[in-house]
Amino acid sequence: MNQIVDRSRDIGEFVPQPDDDMLVCRCEEVTKGEIRKAVHDGMWTITEIRRYLRTGMGLCQGQTCARLVKGIVARELGISPAQLEPATARSPMRPIEMKVLGKEEVSDTWQ
Amino acid sequence: MKRYEVIIVGAGPSGLSAAIEAAKRGIKTIVFDENEKPGGQLFKQIHKFFGSKKHHAKIRGFKIGEELLKEADEAGVEVVLNATVIGLYADKEVVVRRGDEVSHYKGDTVIVATGAAENMVTFPGWTLPGVIGAGAAQTMMNLHGIKPGKKILMLGSGNVGLVVSFQLLQAGCEVAALVDAAPKIGGYGVHASKVARTGVPFYLSHTITKAHGEDHVTGVTISKVDEHFSPIEGTEKYFDVDTICMAVGLSPMSQLLKMSGCQMEDNPKKGGQVPITDEYGETSVPGLFAAGDVSGIEEASSAMIEGRMAGVCVAEYLGYCTEEEKEQILAELKEDLESLRQGMFAPANRGKEITETEEGIAVSKNLLQHGFLTEKEVEKYPGVVHKVGVHPVMECTQNIPCNPCQDACPRGCITIGENITYLPIVADGSKCSGCGMCVASCSGQAIFLVDEDCGDGSATVTVPYEFFPIPEEGSKGFGLSRNGEKLCEATVVSVKSVAAYDHTNLLTMRVPKEYAMAARFFKAG
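Top line first, the protein sequences correspond to chains A and B. Taking the numbering used here, the leading residue of the first sequence gets 11, the next gets one more, and so forth. Taking the numbering used here, the leading residue of the second sequence gets 61, the next gets one more, and so forth.
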């Protein structure tokens, strides 16, 4: 984790695979091929992949696909998934409407 | 902002256990859970648990859940349901969503017991309706009384996959096959055996290569895999199923801990991202604890002990118990936890190839590959003996920390020995009364009562039976082998069900005596 990624490393060309059109992140409808291509476009960290493709940023917040995306990126880079820093954890942890997030409980006193 | 001495996130087995330890010492304790019911996964567990008496062995999971809730209630624990913790910040500030508003809490200590989420694997068609997690299947069956499907293929042969397959059969679903990419069954052999004897085929070193269907699952293709887990062309098998169930492991839901700023590690042995903690669950942030699956995937029994450990540590941290008291309780809990972490399936043995039992007997390869013991193999184990008259036959062949059979026999026929993981043996000179308590007490349903020769060319075999409809006395059917094949005609002699059996019926069938050591299940004819 937190290892500095040597971006001068040659990971080879993008080679199409038969299951590239398979959905991986179902909330944001991102395919395996798009994730693999993103790595070849230079997105070598999970944070970059998220910002580039929005994987794991939908309704389930990566509950289903975070591990899958990590596996695909790691394989493309030829490293172990454990070497990839996972996405930053931020509040809100669960999907929440802005109107709820902005509405504080009224009986708000120190007890 | 409201202040609590301890805020616990998650009302599952570990969260509730932690809350009990804290609240019973007079600590103002609050537990938040995002679900509408407390108890976490316990209320979905209808099978009897393994372990010793201390670990609630032979008690069904949902009963343990009920006991835990009662204990929490008596201790004065405040459980807030439908309350989603959306943030955990520095200085243990907790933000909770309830209904259409959010509220802020400040904890002097916080215990995160958020559990785990199911893993998924991908294959063409995996997003079709009808592809579900094993947890979803359990929720549908055991909480809502809905069958997840009619014909189901299970992917994953760990304990979750095996236990849920059995529950699907109990619910009246057909399980077409149990598939795992690994070359051997990951869960307990006894769990596999009770599925195998109903006739479910096991396909190890196989994986799903395609789910068929336009708008829902109508079938599935599996293929054999090579040593690199790549499908081998030409080995495809098609199954006509409407549901694919996945039980391919769990990942800790540790995002709140990561957000709080405590040190984390990626530990594949613990299931993924986990906080770095001391042996009692305290993270790198003083006063912030993690307990249960969120700190490393295990099971409910160890989660409850870890919860109690965190609860006691919190009590001492807040000054509600002395250091000596804490040390004493922790030492006891640690001993309990260590006894659960023994045997072939201990966390320390994960990924290791175990070829022999602690007694030096070769582990059955057939059991690991096909889910059942061959007639020849079964004779090697100490629980399998031949005697005149009714006697227990214990087809327990792997070292698991579990011993209810020993306490169940009122005549002392069964002994485990000094180590809880030892295989049970039939004590010398013991006289079995045929009461069946051992059969009903075995969480793995691996004990049978056999009278090998009734004198008239027949034998009787008593098997644990947890299916509906319960066959009637005198009805005819078939004796099935350990892999569910029809062996012989069988007549139901009796079906006993008493309160002490706790819903495990004891079905005694009469079979020709040459099948006394082969017939292990009954199928109505």
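Treat the hints as calculated values from the structure; they're not laboratory data. From a predicted model like this one, the values you see are computed outputs, not experimental measurements. For each residue, glycine too, the CB sits at the ideal point set by N, CA and C. Possibly wrong hints are sitting among the right ones.
Restricting the straight-line Cα-Cα distance to at most 30 Å, the calculated cross-link-like pairs of lysine-lysine (DSSO-like) are [claimed, not checked]: (1) A:Lys47 / B:Lys386; (2) B:Lys318 / A:Lys113; (3) B:Lys318 / A:Lys42; (4) A:Lys42 / B:Lys123; (5) B:Lys123 / B:Lys386; (6) B:Lys284 / A:Lys109.
Just some of the chain B residues that point at chain A, by a computed CB distance under 7 Å [to be verified]: (7) Asp160; (8) Asn179; (9) Glu296; (10) Val345.
A short list of chain B residues far from chain A (calculated; beta carbon distances all over 10 Å) [stated by the list, open to error]: (11) Ile106; (12) Pro346; (13) Pro470.
To test your reading of the hints: which numbers does this structure violate?
1, 4, 6, 9, 10
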